[in-house]
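Working from the sequences, and respecting the hints, build out all of it.
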Amino acid sequence: MNKFRIITMYFALVVLTIALLFCSSGVSRRLDAAVEKHHLRFTGEIKNAPVLVTFTTVALGSFRGIVADLLWLRAEALKEKQNYFEMVQLARWITDLQPTFSGATAYLAWNMAYNISVTCSSHAERWRWVNEGIRLIRDLALEYNPEDPILYKDLAWIFQHKLGNVLDDANLYYKNRLAIQMMNITGSAEPSWKDLASAPANEKEFMKKYPADGEVWGVLNKCGFKDFDALYDDFRSRTPAALSASLKGRVGEKLLKEMELFLRAELLRRQLKLDPAVIVEINERYGVLDWRVPESQAIYWATMGLKRTPGNKDVNLGRLITQSLYESFRGGRLLMVNDKDFNNIVVAPNIALVDAVYNTYGEVHQIYDGGAEYSTFRSARINFIKEAIGILYNYGKFSKAKEYYDLLIKEEPHRKREDLEAFVTAQWAEDVRDAGVKKASEVISGLIFKSIFYLIYNDNDAALANERMARYIYAKYSADIGSMERMKLPSYNQIKRVVVEQCMKTFPPQMVLILKAKIAAEQNEKQIDNMLKKIPGVPGAKERK
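Here the working numbering is used: the first residue of the sequence shown is 14, the next is one more, and so on.
Derived by calculation from the structure, the hints in this document are not laboratory data.
Hints are not guaranteed to be accurate.
Here are the simulated distance ranges between beta carbons [unchecked claim]:
no.: 1; residue 1: E376; residue 2: D354; range: 38 to 44 Å
no.: 2; residue 1: Y470; residue 2: L269; range: 43 to 49 Å
no.: 3; residue 1: F411; residue 2: A530; range: 28 to 34 Å
no.: 4; residue 1: S259; residue 2: G324; range: 48 to 54 Å
no.: 5; residue 1: R282; residue 2: C236; range: 22 to 28 Å
no.: 6; residue 1: G459; residue 2: R141; range: 28 to 34 Å
no.: 7; residue 1: L502; residue 2: Y470; range: 24 to 30 Å
no.: 8; residue 1: N372; residue 2: K235; range: 51 to 57 Å
no.: 9; residue 1: I79; residue 2: G231; range: 52 to 58 Å
no.: 10; residue 1: K353; residue 2: G324; range: 46 to 52 Å
no.: 11; residue 1: D493; residue 2: N351; range: 32 to 38 Å
Here are the simulated DSS-like cross-link-like pairs (lysine-lysine), alpha carbons at most 30 Å apart as the crow flies [as the list claims (entries may be wrong)]:
no.: 12; residue 1: K429; residue 2: K415
no.: 13; residue 1: K410; residue 2: K489
no.: 14; residue 1: K270; residue 2: K207
no.: 15; residue 1: K261; residue 2: K235
no.: 16; residue 1: K489; residue 2: K399
no.: 17; residue 1: K489; residue 2: K413
no.: 18; residue 1: K235; residue 2: K222
no.: 19; residue 1: K270; residue 2: K221
no.: 20; residue 1: K221; residue 2: K239
no.: 21; residue 1: K410; residue 2: K531
no.: 22; residue 1: K221; residue 2: K235
no.: 23; residue 1: K518; residue 2: K501
no.: 24; residue 1: K410; residue 2: K529
no.: 25; residue 1: K353; residue 2: K320
no.: 26; residue 1: K399; residue 2: K410
no.: 27; residue 1: K207; residue 2: K267
no.: 28; residue 1: K267; residue 2: K239
no.: 29; residue 1: K270; residue 2: K235
no.: 30; residue 1: K222; residue 2: K239
no.: 31; residue 1: K399; residue 2: K353
no.: 32; residue 1: K217; residue 2: K261
no.: 33; residue 1: K267; residue 2: K286
no.: 34; residue 1: K286; residue 2: K270
no.: 35; residue 1: K286; residue 2: K222
no.: 36; residue 1: K415; residue 2: K489
no.: 37; residue 1: K429; residue 2: K410
Every residue, glycine too, gets a C-beta built ideally from N, C-alpha and C.
What follows is the structure, encoded as structure tokens:
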């Protein structure tokens, strides 16, 4: 082969290579455009990934799937042997090797939160495994798959079902830990979410507002904070999180407040991945939620799923929002947590959410079932209306209860209905139907116990509602079942006295003092009423205001 032919061949190969590269580049651009347009996910590109993940995806290529399979086999073998501790690291490695395989991550997280947790006898150990499942989805998988509705559904489900429900023996422990965790971060049971949302959105914005070479950082440096990480780490190291006492008197009160708000918002974003701005948006849409209860965080993640899911529609996420709103209405207002005894917690209905729940059921009914007469969403809405009537009536919201009773009649025009009071009375009767003496005693004592709690926290409507229900159930049981000697209950006053005495023994000292003051005030009121009744011409206690 002469020199000219060799040069010609090399030139032709170079031209062909350039042409092929140009064609492949065009195909790649069209594929990238299609992926972006249709929100497709693929394993060739991973955003927001740490160096280790990027390295494994490039260096191992398709072979990382084989490694992941081997780790899966190892994880299953460990599960069979009930050797769970190594599984946490294996789950993270599997997620790193196959970061966009969301089904695997969801399974691993579910396995930790449900299967593994229930094998632990200690509530603290159970909480650890549930938390590991949450973190695997929330802190890792969603970083790689921000548009995957499966992950949002599974994360919201863990909050709504595992933490919010009562099926797990450790459910009260979970609820306490979550509530305390939130209060340690926000610094309050009822933080100002709008103030937190108005703080700088991240570290970059904070440093832009307070430059490293500015006056503020000059003071911070003198107090021992060399950079932002030092300030943040010092803030989060305290329980609850707080600024260093060394800053007081060195910077103005306004600046201290601004710094604290930002650090709390940043801690919330980093530790729980909750954005205060989204929380404000959800509160404005549904009503102010208590963000210490699991149902609120279930609503958050289901909402984020709808925001990031192509088309902003997913029936499972819509169902999770309605279910969690329903549960928030029934018991989404936290009255008491106990950082010493995690097996005690008191919640009350969040009555302000009633219209939001009803309207949300109507919205999802239209979106997912087209307003069809036979629909699971419509059936759930009717069941909600029935329960809402009883709760509203019990809490003294009689006009609102009547409004929802009218809605029920409109929803079921073929059903013959009695008046509102008869409907509520029938609901109460169901609570004691077929109840044994032990069950009746537990229900009545529980209602009295709740009434005392509400009284201590100055929720007089709730206290009166539970007292009224307790007395009704007692009277109903005594008339229907308790007339038999072996089924007879002690007198109502005896039951109440036992409950009060138990509260005196178990409540913290400050709560005991409040309870004693309430009891003394009630006794004084009764004495005055009795005295007035004995004076001729003076109206009785029933007429006094």
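Results of checking the hints against the structure:
In this structure, E376 and D354 meet the distance hint of 38 to 44 Å, their C-beta atoms being roughly 41 Å apart. For the hinted restraint 43 to 49 Å between Y470 and L269, the CB-CB distance of approximately 31 Å leaves it violated. Look at F411 against A530: about 30 Å separates their beta carbons, and that is inside 28 to 34 Å. Checked against the hint of 48 to 54 Å, the pair S259 and G324 passes, with Cβ atoms roughly 52 Å apart.
About 24 Å separates the C-beta atoms of R282 and C236, a value consistent with the hinted range of 22 to 28 Å. Separated by about 30 Å at the C-beta atoms, G459 and R141 satisfy the suggested range of 28 to 34 Å. Restraint check, L502 to Y470: a C-beta distance of roughly 28 Å satisfies the suggested window 24 to 30 Å. Under the hint 51 to 57 Å, the C-beta atoms of N372 and K235, about 54 Å apart, fit the expected range.
At about 56 Å, the CB distance of I79 to G231 agrees with the hint of 52 to 58 Å. Range check, K353 to G324: about 48 Å between beta-carbon atoms, so the 46 to 52 Å window is met. Taken as a hint, the range 32 to 38 Å holds for the pair D493 and N351, whose Cβ atoms sit roughly 37 Å apart. Note on K429 and K415: the hinted pairing holds, with a Cα-Cα distance of about 16 Å set against a maximum of 30 Å.
Straight-line distance between C-alpha atoms of K410 and K489 comes to about 23 Å, which keeps the hinted pair within the 30 Å bound. With a C-alpha separation of about 14 Å, the suggested pairing of K270 with K207 holds against the 30 Å cut-off. Between K261 and K235 the CA atoms are separated by roughly 13 Å; this keeps the pair inside 30 Å, and the hint holds. For the given pair, K489 sits about 21 Å from K399 by alpha-carbon distance, which is consistent with the 30 Å threshold.
A hinted pair counts as satisfied when its Cα atoms are at most 30 Å apart, and K489 with K413 qualifies at roughly 26 Å. For the hint pairing K235 with K222, the CA-to-CA distance comes to about 19 Å; that is within 30 Å, so the pair holds. For the hint pairing K270 with K221, the CA-to-CA distance comes to about 18 Å; that is within 30 Å, so the pair holds. Restraint check for K221 and K239: the C-alpha separation of about 17 Å stays at or below 30 Å, so the hint holds.
Only pairs whose Cα atoms come within 30 Å are accepted, and K410 paired with K531 is accepted, the gap being roughly 24 Å. Between K221 and K235, the direct Cα distance comes to roughly 20 Å. Compliance with the 30 Å bound is thereby established for this hinted pair. Proximity of K518 to K501 is assessed by CA-CA distance (about 27 Å); at most 30 Å being required, the pair is judged to hold. Taking the CA atoms of K410 and K529, the gap is about 28 Å. The hint holds against a cut of 30 Å.
As the CA atoms of K353 and K320 are separated by approximately 39 Å, the hinted pair breaks the 30 Å bound. Between K399 and K410 the CA atoms are separated by roughly 15 Å; this keeps the pair inside 30 Å, and the hint holds. Annotation: proposed proximity of K207 to K267 holds, straight-line Cα distance about 17 Å (limit 30 Å). Distance restraint check for K267 and K239: the Cα-Cα separation of roughly 22 Å lies within the 30 Å cut-off, and the hinted pair is therefore satisfied.
A hinted pair counts as satisfied when its Cα atoms are at most 30 Å apart, and K270 with K235 qualifies at roughly 19 Å. Restraint check: the Cα-Cα separation between K222 and K239 comes to about 17 Å, which is no more than 30 Å; the hinted pair holds. Among the hinted pairs, K399 with K353 is inconsistent with the structure: their alpha-carbon atoms are about 38 Å apart, more than 30 Å. The suggested pairing of K217 with K261 holds, with an alpha-carbon distance near 25 Å, which does not exceed 30 Å.
For a cut-off of 30 Å, the pair hint linking K267 to K286 stands: about 27 Å separates their Cα positions. A distance of roughly 22 Å separates the Cα atoms of K286 and K270; the hinted pair therefore holds under the 30 Å criterion. Simply put, K286 and K222 have alpha-carbon atoms about 23 Å apart, close enough for the 30 Å limit, and the pair holds. For the suggested pair K415 and K489, the alpha carbons sit about 24 Å apart, so the restraint of at most 30 Å is met.
About 24 Å separates the Cα atoms of K429 and K410, which keeps this hinted pair within 30 Å; it holds.
In terms of the numbered hints stated before, the structure departs from hints 2, 25, 31, listed from lowest to highest.
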